[in-house]
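So you can see what is in the structure, the chains are spelled out below.
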Amino acid sequence: MNISRRLFVSAGLICFLGALYYKGGSSAKDYPIISNNIEIFVKSYNLAIPVEESADIFGDTAILEKKLTSLLSDKGIVETANIVNKIIRNDYRIGKIRSMNGWIVSEVEFGLLILRNRYV
Amino acid sequence: MFKSLNDLSPEASLTYDICIVGSGPAGISVAKTLLDSDLKVIMLESGGMLPEAEYQQLNKGENAGPSFLSLDASRLRCFGGASGLWAGHCSPFKSDEFDKKEFIPFSGWPISIDDLNEYYKEAAEMLGISYAKFYNERFFQNTLDGINFKQFDRKNSFLTGNVFQISNSKNKDFGVKYKDELQSSKNTDVLFHSTVTQLNLNTDGSEVESVSIADLIGNKATIKAKKFVLACGALENPRILLASRRYYKEGIGNGSGFVGACFMSHPGVLKVGEIYRTSEEQCINRDKYQADYYVQFEMSLEQRLKQKTLRHVFAISQSNGLASSKTYIPGKLFTRFNQLVDKFSSLSSFKKTVCRLSGVYSSNTLELAVALEQPPRLSNNLSLHTSHDDLGVPKINMYWDNLSDIEKRTVATSVETLARELGVLNIGHVKYKSELLSGESYKFNDPVNHHIGTTRMSNNSSSGVVDKNCKVFGITNLYVAGSSVFSTSSIVNPTYTIIAMSLRLGKHLKNLTL
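Taken in order, these protein sequences are the chains called A and B.
Each residue of the first sequence is one higher than the last, beginning at 118 in my numbering.
Each residue of the second sequence is one higher than the last, beginning at -12 in my numbering.
Treat the hints with caution; some may be incorrect.
As the list claims (entries may be wrong) - Calculated cross-link-like contacts (lysine-lysine; reagent style DSSO-like; alpha-carbon spacing at most 30 Å):
#1 203/A / 293/B
#2 166/B / 27/B
#3 430/B / 27/B
#4 203/A / 430/B
#5 87/B / 430/B
#6 203/A / 142/B
#7 236/B / 213/A
#8 213/A / 295/B
#9 27/B / 142/B
#10 420/B / 87/B
#11 27/B / 203/A
Bear in mind the hints are in silico, worked out from the structure with no lab data behind them.
Model, not experiment: these values are computed from the prediction.
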């Protein structure tokens, strides 16, 4: 297991606990559980691109969100991260990549960066 | 025997079996093959035993193209020629480079790697390097370990590594290494200060009868021979052919206009990208870097063919200073820590110093540059200028164009492919440099001064100057040695292949006369 993975698990745990704490003061309507799961995931997922480098990107992430929602509810956060890792690696393998402010990222990473802008 | 033109009687006329024009790596390699044979050989050197300023001036020429090429920076008119400047980096061509590729006009050689392998072995011995090590897996793996990119050895990797060996100063300077052997040779004379000013053809223009030579103090002579070999570099070989226009107004061997055309070098495009390593490893360990070999990475052959790109190598170097921790410590949780690191640069310096003291370089940011082969292009060409040098020979007029679309595409695609490989391995990200995106990176000066392809080898005279035996089309006894005969440029340093091909030519000439 490499450091990214360890960071991911620890960061995920902290975010999860933080989210639980934060949710306590809010209504379920304001923070629907599905959105929160994606939010927690995106916050804890190890995206190496600095936040400020991807602050200006936008796009349609509906399909990615739908997929993440489904994965998170079926597999949980750690397994979802593993699956996302595999998808990203496959993106790179088959050339599903794009340029974002000069950074060369996979399609899925690009979607995650957009989601990160929304939540982080 | 070593002599100078000044030692001969005025307007002397000497006769030999073989006349080699030029005493650089190509000329010496041909001569070495003929040493102690029954053939009477003369090697003509424009300069002296050591470089002389007056003779170096004969290299001067003009640049007409948008890209500047130094016409005298990497050339020496003296015994040993440019081997005296050569860094000694050796790597053989890859076998696919001899094949025709539809996406590279004029690509394909009339010979294959099999025609060169035995001469590569012989050249390796001359240079004090190991031919076997170029193809030794363990040796290759060790070099990967040395730069901590052993992950690149993934099966079906988009990248491959290419081993270079470095010939040491004792072996690479042919002027020093072969001085005694040639000086004591019974069948070979070396004549200094003998610049060829003209190739003189016979009455029907099918054969070179003699060469006219001159020095800068007014001496002149004529050398007659059965066979002539031009071996004075990819700028001077075409210059002599073009300047010899008493019989053919377009010059010798230039019926199809290929003399001087398809000039190639190895443009280095700097500032193309940055690698941000996200793996645990934060230092590059140079412990296993050796003084006499290294590996450079490039796209695999499969990817190169699939993406229709030219051959190239990545130059991966340490970025200046410690990388911002922001680039590899993820998430907002570490923002405060990142800010602290950024704020207190002394911390960065401290970490850097510790790493350096312990023998490693600290940084997760690596700078990326790409050096690439050039495709043969008619627009990159050498012609004769209207001005003349001190011996009355027209100067070189060099037109070196901007990088073409395929060259630019190769640079961008190579960076993208490296990013993909790092992504598959999950060990880093790549960011294009803004200079590449703006096109600024493509404004280059030739950093390596490799001169290639101006008397190219081809199957027929309609697309080249020499045949597979390096003989000039249409002339029965004129041969060319050196990188000017390369059909394509590869990306490896040309001297090792120049030597191998010259040994092959020498053997061919020897066999012809047996």
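Quick rundown of the hints versus the structure:
no.: 1; hint: 203/A / 293/B; result: holds, 24 Å
no.: 2; hint: 166/B / 27/B; result: holds, 18 Å
no.: 3; hint: 430/B / 27/B; result: violated, 49 Å
no.: 4; hint: 203/A / 430/B; result: violated, 39 Å
no.: 5; hint: 87/B / 430/B; result: holds, 29 Å
no.: 6; hint: 203/A / 142/B; result: holds, 17 Å
no.: 7; hint: 236/B / 213/A; result: violated, 56 Å
no.: 8; hint: 213/A / 295/B; result: holds, 18 Å
no.: 9; hint: 27/B / 142/B; result: violated, 54 Å
no.: 10; hint: 420/B / 87/B; result: violated, 33 Å
no.: 11; hint: 27/B / 203/A; result: violated, 70 Å
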